[in-house]
Amino acid sequence: MRMIKALTAIAAMILIAACSNDQQAAAPATTTVTPGSVADFRQNVGDRVFFETDQSTVREDGRQTLNRQAEWLKKYGNYQITIEGHCDERGTREYNLALGERRANAARQYLVAQGIPAARVKTISYGKERPDPVGSDEAAWARNRRAVTALQ
Amino acid sequence: MAAFRLKQSIAMKKLPLRLLILVALALPTAAAAQRADPVYVEDRLNQLQQAISLLTGQIEQLQYRNQQLQQQMEKMQADYEFRLDQVEKGGGRPGGAPAARPTTPSTAAAAPPGAAPPAGAPPAAAAGAADQVYNDAFKKLQDGDYAGAEKGFRAFVQRNPQHALAGNAQYWLGETYYARRDYQNAMTAFAEGYKAYKSSPKGPDNLLKLGITLATLGRKPDACAIFARFAQDYPRATDLQKRRIEQERQKNGCG
Amino acid sequence: MNTRFDMMLPRRQTILGGVALAAGAAAPAHAQLTIDMTKPSFEPVPIAIVDFKGDKVGADIAGVVRNDLQNSGLFRSISPSAFIQQNMDPNAPPRFPDWRSVGAAGVVVGQVAQSGGNIKVDFRLWDVVVGQQATGLSFTSQPDKWRRLAHIIADAIYKRVTGEEGYFDTRVAYVAETGPLGNRVKRIAIMDQDGFNTRYITDGKTIALTPRFSPTLQEIVYMAYGENNAPPRVYLQNVESNRRELLGNFPGMSFAPRFSPDGTKVVMSISADGNTDIYEMDLRGRALRRLTSGPAIDTSPSYSSDGSQIVFNSDRGGTQQLYVMGAGGGGERRISFGEGRYATPVWSPRGDFIAFTKISGGSFGIGVMRSDGSGERMLANGFLVEGPTWAPNGRVLMFFRQQPNSGGRAGSVTLHQVDITGRFERQVPTQTDASDPAWSPLIPQ
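As you go down the protein sequences, you meet chains A, B and C in turn. Counting in the numbering used here, the first sequence runs from 1 upward without gaps. Counting in the numbering used here, the second sequence runs from 1001 upward without gaps. Counting in the numbering used here, the third sequence runs from 2001 upward without gaps.
No more than 20 Å apart at the CA atoms, straight line, and that leaves these computed lysine to aspartate or glutamate pairs for EDC-like:
| no. | chain 1 | residue 1 | chain 2 | residue 2 |
| --- | --- | --- | --- | --- |
| 1 | B | K1139 | B | D1079 |
| 2 | A | K74 | B | D1037 |
| 3 | A | K122 | C | E2227 |
| 4 | A | K122 | C | D2273 |
Partner residues are not named here, just some residues of chain A that face chain C (Cβ under 8 Å, in silico):
| no. | residue |
| --- | --- |
| 5 | L97 |
| 6 | A106 |
| 7 | I124 |
Derived by calculation from the structure, the hints in this document are not laboratory data. As the structure is a computational prediction, the values presented were derived from the model and not from experiment. Each residue gets a CB set at the ideal place from its N, CA and C atoms; glycine is no exception.
Model the full assembly from the supplied sequences, consistent with the hints where possible.
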C-alpha cells in the first residue's frame, strides 16, 4: 500500500516534470510514465467517465474509456479497484449520494461485463461532496457528473 | 440486478408492464442469441428500467389528472342534481322545496322552509337559525370547504334531528367525506342517512351513494344488496335516479 | 443531578399575582399585544424589554430576549434609548402612558436574585394597551445557564402573544464546513438556536453529514464516511458523552437517517448494487425491516408526527418526486405533481405540512405542501437552497443557502430561517460555513 503511494508520488513528479519541462507537445509525455503505473492509467487510459444530468447510463465516449480501462486492468492484475461515483451540485445531498452510487455501479457493471472479476471492483459514492473541478457553470457540472476508477 | 418488482401503487398496470418486459427481454435474446454479450444484456436492462420509470411517471400523472377530473365531475354532478331537484319540485309548488341553496343570504333568511314543520318543531326564531346553519354549511360545500361543511351539517343534524332538512343535511354530510375520499366516514354517514331518513327527499340519492361508497371500499356484495333495495324502497324515484342505479348495478356486476 | 442539561429547572410557573388578560376586551385601535401569524399580513408587535434588575446578568438576559423576539419577525423590539420611564420597580405596574407614547404594545420587566448558588429570575409582561399584566413567571437555574433562562422567557412571551408554542429554547445541529471545496472538511456541530454555545461532535477526519436529533435531544443520528474512504454509514451518537455506535454494518452505503417521533426507530436508506431502498431499524433489538423495493432510488424518509406514515423521495417515475407510504411500508402514493423535481421532504411536527426542496427551471426553492400534496407554497428561492427543517412549533423553517462558486472558490454556505408565510427570512449566524441544519425539539426541562 505504502509502496504504491510512493510510486504514485514519484510517477506524479515525473508527470509534472514532463509537463513543465517544455511544450514538447503532449504525445511524447506518454513515453515518460512507467507502464502499469497509476500515472500511466490516468494519463494513457483515462480514469473517469462522464454522465448526463440525472443519468447513470454510460455514454459511448465513456464506453471507449472503460474498454481501455478493462484492457489495462487485465494486463496489470495487481490492482484492486474502487469506482467513485460523483454528481454535480445541482441536486440535493441525499439523492445525489444514491445517484453517485448508481453511476459507480454502472461503470462497475460495464467493467465486469468486460471480464474484470467482480471481486476486484468496489464502489463508493461521494454525491456532490467532492467537486472536481470547483465551479458553478455547465462546463464544471458536466465534469462533475463522473465515475472515477481509483487504483489501490 | 434488482428484480423488476413494481409497486402496489401501480398494481393495476402491472400486467401490461410485465408483458412489456417479457417481450422486450425475449426479442433481443432471440435476435442476439449468437452474441451472448453481457454489455448488450446490461444495456437492455437499463433501457427497460428507464422505460418502466417513464411509464410509472406517466401513470402517476394520469392517475392524478383522473382524480382531479373525477373530483370536478362529482362537484358538478352534485350541483346538477341539485338544480334538477329544484326544477322537478319547484314547478308546481311556490315556496319551493327545502331551500338548500341560498341564492342570497337575505332570501334564505326571509323564506322559511316550504315543507310543513313536523310536530314539535322549534319556534320560528330557532328554525331561522337552523336554516342559517344549513345554508352556511351548504355554501361551504359549494366552495369546496369540505371540513367546514362537515362541521356545519353535523351540527345541524345533531341539533335538529327532526327538521325537514335533516335528511338532506345527513346526505350532504356524507358527501363532504366522499368528496375528500374519506370513504369509511362517508359510508357511515350514508348508512346513518338510510337508517334514519329513509323517506327524506334525499333518500334515493342517499341510498345510491351508500352503494357507490361500499363498492369503492371493495365491498361489492354489500353494494349490490343496497342497490337491490332501491326499487322496493323508492318505487317513485325519478328516471334519472333509476338509470343511475342500473348503471351502478352493471358496473359492479350485480346479479 | 440531572446529567442531561443540568438545569434545576422544573418549569415552575409561579404566577406572580395579577390576572391573565381577558381576551377580546375592547381595545384601542393601535398596536395590540396579540398577533395572528396565519393572517396574510400583520405588523410586528412593538415590545419594550427593560433590562432586568438585581444583577448585572439582568441586562444580558434582556438582550437575549430582545434578540429572540426580534429575530422571529413577529416582534419589533423598541430601542431602550427611547424608553421614557426609567428605574422601574419590577413589581409595580409601569406608567402606561409613558409606554403608549413610545408606541409599545407590551413592556417586559424582570429581576434577578441570587438564591443559594442559583439565580432566580422573575419577569412580567404588561399589556400596555389594556393596562394590565398579561403574564408573569419565575424560574430558578444555575448561574451559567442564564442564556437558557432568557430563551425560556422569550418562549413564554411568544406564546402569550401569538398563541403558538415558542421555539427559542432549542438547539440546531448542522454540518460545519471548512477548507477548500475540493477537499472540504465537514463535521457535525450543535449550537443554540440563536447561534451561541457551538460545539463540534465529530472530529472532521471523515465527512459527516445529515445530523438529526432524537426526540429527547440525547442523541443524534448522522451519516459519516469511514477511515480510508470506507463507504458512508449511519451512526448514533450521544451528544453528552460523544459515545457513538454504528447502526448496522451493511456491505453498501447507508445514509439519510431519521428518528421516528417516539425515538424507538430510525429509518434510513441502504444501497446495494447501485440500488437504494428505505429500511427501518428498531433501536431496541436492532432488527432491520425493508420498507421499499424496486430498482428506483428511494431516500430521504421522514415520519409523520403521529408515526403512522412516512414521506420519502423516489425517482421511480423518472424524476425525483415525493411519495407517502405507511410506516411499515406499502400503500405508496405520489403526492407531488408540480413542475420540476421535489426532494428532502420533512413532515411538520404539527402534522399539517410537509416541507421540501424543489428544483425547477435551474433554480432551487424551499416550499411547503399539505400532506395530500395540495396547497403548495414556496417560501424561499435561490441558486441553491436545500434541506428544510422544522422548528418544534411547526411555524418556522430553517434551511441552507449556497452561493455559486466562482474562479475555483467556494461560494458561501449559510443557514437561514423563514416563517411558513415566507414573509420573514433571516440568516442564522454560525462560526463557519454551515449546511444541513436540524432543529431540535424544545429542550426537556
